[in-house]
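Using the hints provided, position chain A relative to the given structure of chain F.
Protein chains: 2
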Amino acid sequence: MKLFIDRLIEQIQQKKTPCIVGLDPAIDRMPDSWLQAREIDKQSNLADCAEAIYQYNLMVLDAVADLVPAVKPQSAYYELFGSAGIIALEKTISAARDRNLLVILDVKRGDIASTATAYARSYLSGDQSSPLEADAITIVPYLGKDCLDPFFTEAIQWGKGVFVCVKTSNPGAAIIQEQKIDGRYLYEIVADLIQPACKKSIGKYGYSGIGAVVGATYPEAARRLRQQLPNSIFLVPGVGAQGGGSEGIKACFNPDGLGAVVSSSRAIMYPHLYGSEDSNKNTIRQAALDLIALGKKILN
Amino acid sequence: MKLFIDRLIEQIQQKKTPCIVGLDPAIDRMPDSWLQAREIDKQSNLADCAEAIYQYNLMVLDAVADLVPAVKPQSAYYELFGSAGIIALEKTISAARDRNLLVILDVKRGDIASTATAYARSYLSGDQSSPLEADAITIVPYLGKDCLDPFFTEAIQWGKGVFVCVKTSNPGAAIIQEQKIDGRYLYEIVADLIQPACKKSIGKYGYSGIGAVVGATYPEAARRLRQQLPNSIFLVPGVGAQGGGSEGIKACFNPDGLGAVVSSSRAIMYPHLYGSEDSNKNTIRQAALDLIALGKKILN
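Top line first, the protein sequences correspond to chains F and A. Anchor point for the first sequence: position 228 equals 228 in this note's numbering, and the numbering is continuous, going up by one each time. Each number in this note's numbering comes from the position in the second sequence (counting from 1) with 300 added on.
Do not rely on the hints blindly, as some may be mistaken.
Capping the alpha-carbon separation at 20 Å, the derived lysine to any residue pairs in SDA-like fashion look like this [as the list claims (entries may be wrong)]: (1) F/16 with F/65; (2) F/145 with A/478; (3) F/180 with A/485; (4) F/180 with A/414; (5) A/342 with F/126; (6) A/445 with F/171; (7) F/145 with A/479; (8) F/42 with A/483; (9) A/445 with F/174; (10) A/342 with F/128; (11) A/480 with F/174; (12) F/180 with A/489; (13) F/91 with A/345; (14) A/480 with F/179; (15) F/42 with A/429; (16) F/42 with A/414; (17) F/180 with A/479; (18) A/391 with F/46.
Under 8 Å between C-beta atoms, here's a sample of chain F residues computed to sit facing chain A [as the list claims (entries may be wrong)]: (19) 46; (20) 74; (21) 111; (22) 170.
Chain A regions said to be covered by chain F (calculated; three or more residues, Cβ under 8 Å) [as the list claims (entries may be wrong)]: (23) 302-315; (24) 372-380.
Since the hints were made in silico from the structure, they are not lab data. Using N, Cα and C, we set each Cβ at its ideal position, and we do this for glycine too.
Only chain F is shown next, with the shape it has when bound in the complex:
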């Protein structure tokens, strides 16, 4: 069994970029022309809308599959359509794997005891029992250590990845994550909870599949966490549309040039919202290339 973390690092080295593509398909962001050609509008039923988001994802996957190491579907955008949306998510995961892309599923799950185990099995079990099996997922730490452990256990058993939300990029995060306890930030206490599982699961390139979500908007936090979790991969979300700064992005990487994947969603999926005349396979590919080039510039 090849570890997620080793496959990720090999993909990063092969594609020569830590940039990954978020798959946040939203009907109201898609170009009118694309929707009209498929007869999708506000009156369309859930199954037709869900099939449309899958078809849009296919276009994005075909545009970027040879450029990036991984994609990050955001579960909320699929749950909006209920079971039809989850069918679209299952098909999206399968299509990404067919194109040799790793799938980091952004679900931000968390619960206690047997419920945490049920979530972990839903997304991380490698026994082929789950149609939503991903290579890695995101989880939240508010419920404490015993809500994290079932995810770590499942991830380590199957060689999967888990990214714990440690320091998120949004302005309102500080009221919780930056509370100071005996001179340390709460996000550092959360990072402490990750470290033992991280140390137990280091792959052949020195990194662990037990990682952290770290926003690029707080360079100081990124620097502290980079020191505290030297073997963890950071998932740095929302670069592009969410406007994370280059200083914060740089701080998420180790001197070896590894240590983070940087995710962009809207800026790649919907170029027509950012000045391009349309969003199609070519303009999406160009948007990905532009972000990859920007990433190279920031990191050099």
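Relative to chain F, chain A alone:
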């Protein structure tokens, strides 16, 4: 539009109990005889397993519909079966509503910005666009105030309920929730974030649909939070199988006898695991009656 919180209080008064039933359907907890009669085993496909959990839920709903105000499906147990499980969840929600039961969907979602809005719309929108529309949901606060606000906004717009995980019942919760900042616990700071939305949405019985998840295992925390959030309904989970104490349960209620709903899952759904000879409609109904009687004893 009748508010969730007003309907909940009327149901509590009509049924004369704050006890609600958690719907955590797990194949491996169901009686062998029940599974054999339906030809369900470990080799069954996802669709058959998902249909079985729905059928089991129907038995539970029929057993308890006239006894309790609400049910609380736990999303993890449905997500285990992927889209087939979500179909079972949609059908379960619909069957509960047909039986005049309120549905508190335990999803513990949380994310930032437009993603939080997508989650809120998935579960709380009252415009009939979502097949997973519930009366209330649970959410997590680690991402801060701007991750809570989209849920509060959607809930208030449609008269729905939201229960923020403030102080959970598990032993590992303390490492986060009981950190002390300037003499106050982190869970009190989280409660501060709830209070403004709570005050803006008080129904005709003096309570708000913006509530809190508060574990019964920490009586001191329950007392503090009861004082801090006098108008919030507390969702007190896991009584029974998780062994919450009676002192903590009492502390979650106001002197008016209202202020909380107390949820039991396994102890009601699977009486055969707790000394009964079988789990069927009759023994499930008896288990619910026993817990309701226990609740009365604790609160009097």
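Okay, the hints, checked on the actual structure:
1. With a CA separation close to 13 Å, the supplied pair residue 16 of chain F and residue 65 of chain F stays within the 20 Å bound.
2. Distance hint between residue 145 of chain F and residue 478 of chain A is fulfilled; the C-alpha atoms sit about 13 Å from each other, no more than 20 Å.
3. A C-alpha spacing of about 12 Å is found between residue 180 of chain F and residue 485 of chain A, which places the hinted pair at or below 20 Å, so the restraint holds.
4. The straight-line distance between the Cα atoms of residue 180 of chain F and residue 414 of chain A is roughly 28 Å, outside the 20 Å bound, and the hint therefore fails.
5. Of the supplied pair hints, the one linking residue 342 of chain A and residue 126 of chain F holds, its CA atoms being roughly 16 Å apart against a limit of 20 Å.
6. Proximity of residue 445 of chain A to residue 171 of chain F is assessed by CA-CA distance (about 9 Å); at most 20 Å being required, the pair is judged to hold.
7. Proposed proximity of residue 145 of chain F and residue 479 of chain A is supported: the alpha carbons are some 13 Å apart, at most 20 Å.
8. A threshold of 20 Å between alpha carbons decides the hint, and for residue 42 of chain F with residue 483 of chain A the separation of about 52 Å lies outside it, so the pair is violated.
9. This hinted pair checks out: residue 445 of chain A and residue 174 of chain F have alpha carbons roughly 9 Å apart, not beyond 20 Å.
10. At most 20 Å may separate the alpha-carbon atoms for a hinted pair to count; residue 342 of chain A and residue 128 of chain F meet this at roughly 13 Å.
11. Annotation: proposed proximity of residue 480 of chain A to residue 174 of chain F holds, straight-line Cα distance about 16 Å (limit 20 Å).
12. The straight-line distance between the Cα atoms of residue 180 of chain F and residue 489 of chain A is roughly 13 Å, inside the 20 Å bound, and the hint therefore holds.
13. Distance hint between residue 91 of chain F and residue 345 of chain A is fulfilled; the C-alpha atoms sit about 18 Å from each other, no more than 20 Å.
14. The straight-line distance between the Cα atoms of residue 480 of chain A and residue 179 of chain F is roughly 9 Å, inside the 20 Å bound, and the hint therefore holds.
15. Between residue 42 of chain F and residue 429 of chain A the CA atoms are separated by roughly 10 Å; this keeps the pair inside 20 Å, and the hint holds.
16. For the hint linking residue 42 of chain F to residue 414 of chain A, the alpha-carbon distance of about 19 Å falls within 20 Å, and the restraint holds.
17. Of the pairs offered as hints, the one joining residue 180 of chain F and residue 479 of chain A holds, with about 9 Å between alpha carbons and a cut-off of 20 Å not exceeded.
18. Only pairs whose Cα atoms come within 20 Å are accepted, and residue 391 of chain A paired with residue 46 of chain F is accepted, the gap being roughly 16 Å.
19. For residue 46 of chain F, the interface hint holds, the least distance from its beta-carbon to any beta-carbon of chain A being 7 Å, beneath 8 Å.
20. Taking 8 Å as the C-beta contact cut-off toward chain A, the hint placing residue 74 of chain F at the interface holds, the least distance being around 6 Å.
21. A distance limit of 8 Å between C-beta atoms decides the matter here; for residue 111 of chain F the minimum to chain A is near 5 Å, and the interface restraint holds.
22. Evaluation of the residue 170 of chain F hint against chain A yields a held restraint, the C-beta minimum of about 4 Å falling below 8 Å.
23. Under a criterion of three residues with beta carbons nearer than 8 Å to beta carbons of chain F, the stated coverage of the region 302-315 of chain A fails, only 0 such residues being counted.
24. Counting residues of the region 372-380 of chain A whose beta-carbon sits less than 8 Å from any beta-carbon of chain F gives 5, enough to reach three: the coverage restraint holds.
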